[in-house]
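J.: Given next are the chains, with one letter for each unit.
There are 2 protein chains.
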Amino acid sequence: MKQKIKLLLTIVCAHTLLFSGSLNAKEPEKTLRDDGELFKVAIAGFTFVNFNLDETLKMMQEVDVHYLCIKDFHLPLNSNDEQIAAFHAKLAAHDVTGYAVGPIYMKTKEEVDRAFDYAKRVGVKLIVGVPNHDMLPYVDQKVKEYDFKYAIHLHGPDIELYPNAKDIYEHVKDLDPRIGMCLDIGHDARDGQDPIADLKKYKDRVFDIHMKNTTAATKAGKTGEIGRGIIDIPKFVKMLRQVKYSGACSLEYERNMKAPLAGIAESIGYFRGVIDATK
Amino acid sequence: MKQKIKLLLTIVCAHTLLFSGSLNAKEPEKTLRDDGELFKVAIAGFTFVNFNLDETLKMMQEVDVHYLCIKDFHLPLNSNDEQIAAFHAKLAAHDVTGYAVGPIYMKTKEEVDRAFDYAKRVGVKLIVGVPNHDMLPYVDQKVKEYDFKYAIHLHGPDIELYPNAKDIYEHVKDLDPRIGMCLDIGHDARDGQDPIADLKKYKDRVFDIHMKNTTAATKAGKTGEIGRGIIDIPKFVKMLRQVKYSGACSLEYERNMKAPLAGIAESIGYFRGVIDATK
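First to last, the sequence lines map onto chains A and B. Per this note's numbering, the first sequence starts with residue 1, numbered consecutively. Per this note's numbering, the second sequence starts with residue 1001, numbered consecutively.
Treat the hints with care, as some may be off.
[Unchecked claim] Within a straight-line C-alpha distance of at most 27 Å, the following computed BS3-like cross-link-like pairs (lysine-lysine) qualify:
1. B:Lys1235 / A:Lys279
2. A:Lys279 / B:Lys1200
3. A:Lys200 / B:Lys1109
4. A:Lys222 / B:Lys1058
5. A:Lys235 / B:Lys1238
6. B:Lys1235 / A:Lys244
7. B:Lys1235 / A:Lys238
8. B:Lys1258 / A:Lys258
9. B:Lys1258 / A:Lys235
10. A:Lys58 / B:Lys1244
11. B:Lys1058 / A:Lys235
12. B:Lys1235 / A:Lys235
[What the hints assert, rightly or not] Just so you have them, the derived chain B footprint on chain A, three or more residues with Cβ under 8 Å:
13. 225-239
14. 246-254
15. 260-274
In case anyone wonders, no lab produced these hints; they're calculated from the structure. What you are looking at is a predicted structure, and each value in this text was computed from that prediction instead of being measured. The beta-carbon is built from N, C-alpha and C at its ideal position, and this holds for glycine as well.
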């Protein structure tokens, strides 16, 4: 109980600091950017697979991004409440909020249970997951029990499980409306789909978005910086507004992952340039 | 004579490589970006004051920028033809063209002479300079003799010499039309001016532009990333097109100069996001 109160206080503290901006007293010339949109500019934790949490948060600060999808290599699934509280406190000290967890692969009921329990203890209400098809009825049961949203991650032509938005929709359309997708626009395009049309079509089932771009609308397409590729980002941003998308748009940067800062910065800059220019 | 032919051949070679893109054979997935504008996305050499030429070109490659304003710390004013040829060859190997030289301060006739001779040997037809007021009649004579353009750099409220665009215009309006300005939009704004209105007003005298932004329209304003500040960059880009500006828009990044890559990448990304979104 004491642990839980401590955790709660840490989270409250973190949020107070984040939204009051009082941490910025140290750097008076820097203010937290307000993108002025329903959606949030964020980064997917996988972007930082080669970096520890301190390095990750330093990079996020550098590019003025304040929402992170939490990956298990930064906060293991078996973390206890104290470790979770320390994690949130560290994020808050860098003006960052962990808005969801995942992607988490789930092949068994035990793995589904573990993921939901983890998300609850972390204090988020959105899981990005990759459930085996036969786990979907159980996921359906769990979202009702927890009142969480569950975003299935699509991965293009590389993996048979959930190659594109349509495939996910076909699997979830008869399930609880809290089960939907994390629309990875690069991988959707690499599977020959139109991510802008898909956002419009499946808007009620899109709970998270992975931002990137791809050099071609085929499996051979390489994903990379948001501004380098065939996806029309200005058109996508306009569609985000048209469908009133209010979730996160998380950069998942998968090129040059050993030295990603330049690609991250360019991507975030490009995204914000498009946002500002299309207001 | 032999030296001059060698220099010429090197330059021709460099340009052939640059525009044929044959260097990219090494990196098949990377193509040179075409921003599709009359103006060019470029970087001002001063951005790299703490880096040698190799480090500079590596950063330029990383952000896919292909035009550099040459600073004397990368190519000294007393370079001989062989050194200049080697410099151009190195730029070409990184798909970069040096489009101008400067800023160069000029307090005496000898310094003006030296700068024009240097630019001629470097093979550019644009000098970014800061001439003392009493040197202007001599600069006027030199631009006629060399048929060069001469862009006077403005530096906001920090330096008495040429604080803003209007000040430069007042000094050059009765001189040869090849004498004009390098419109530093950050410093012009820091001097309380409107750089977008100034671009429109002085378009026939704007030969180079320094891109940046500023946190305030006062001397206390800090310059930094193109997307962070009070200057409306989408509006500025639209004005670039409206006045048919065909010179370089050179990022001059002056924050975090010891580790500038993230700020450079974010700035170039933002600029290109705005360009793409306002086409």
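J.: Now look at each hint and say whether the structure bears it out.
T.: Going down the list of hints, with the structure as the test:
no. : hint                 : result
1   : B:Lys1235 / A:Lys279 : holds (12 Å)
2   : A:Lys279 / B:Lys1200 : holds (23 Å)
3   : A:Lys200 / B:Lys1109 : violated (65 Å)
4   : A:Lys222 / B:Lys1058 : holds (21 Å)
5   : A:Lys235 / B:Lys1238 : holds (18 Å)
6   : B:Lys1235 / A:Lys244 : holds (25 Å)
7   : B:Lys1235 / A:Lys238 : holds (18 Å)
8   : B:Lys1258 / A:Lys258 : holds (21 Å)
9   : B:Lys1258 / A:Lys235 : violated (36 Å)
10  : A:Lys58 / B:Lys1244  : violated (41 Å)
11  : B:Lys1058 / A:Lys235 : violated (32 Å)
12  : B:Lys1235 / A:Lys235 : holds (19 Å)
13  : 225-239              : holds (count 7)
14  : 246-254              : violated (count 0)
15  : 260-274              : holds (count 14)
The structure is inconsistent with the numbered hints 3, 9, 10, 11, 14, although it conforms to all the rest.
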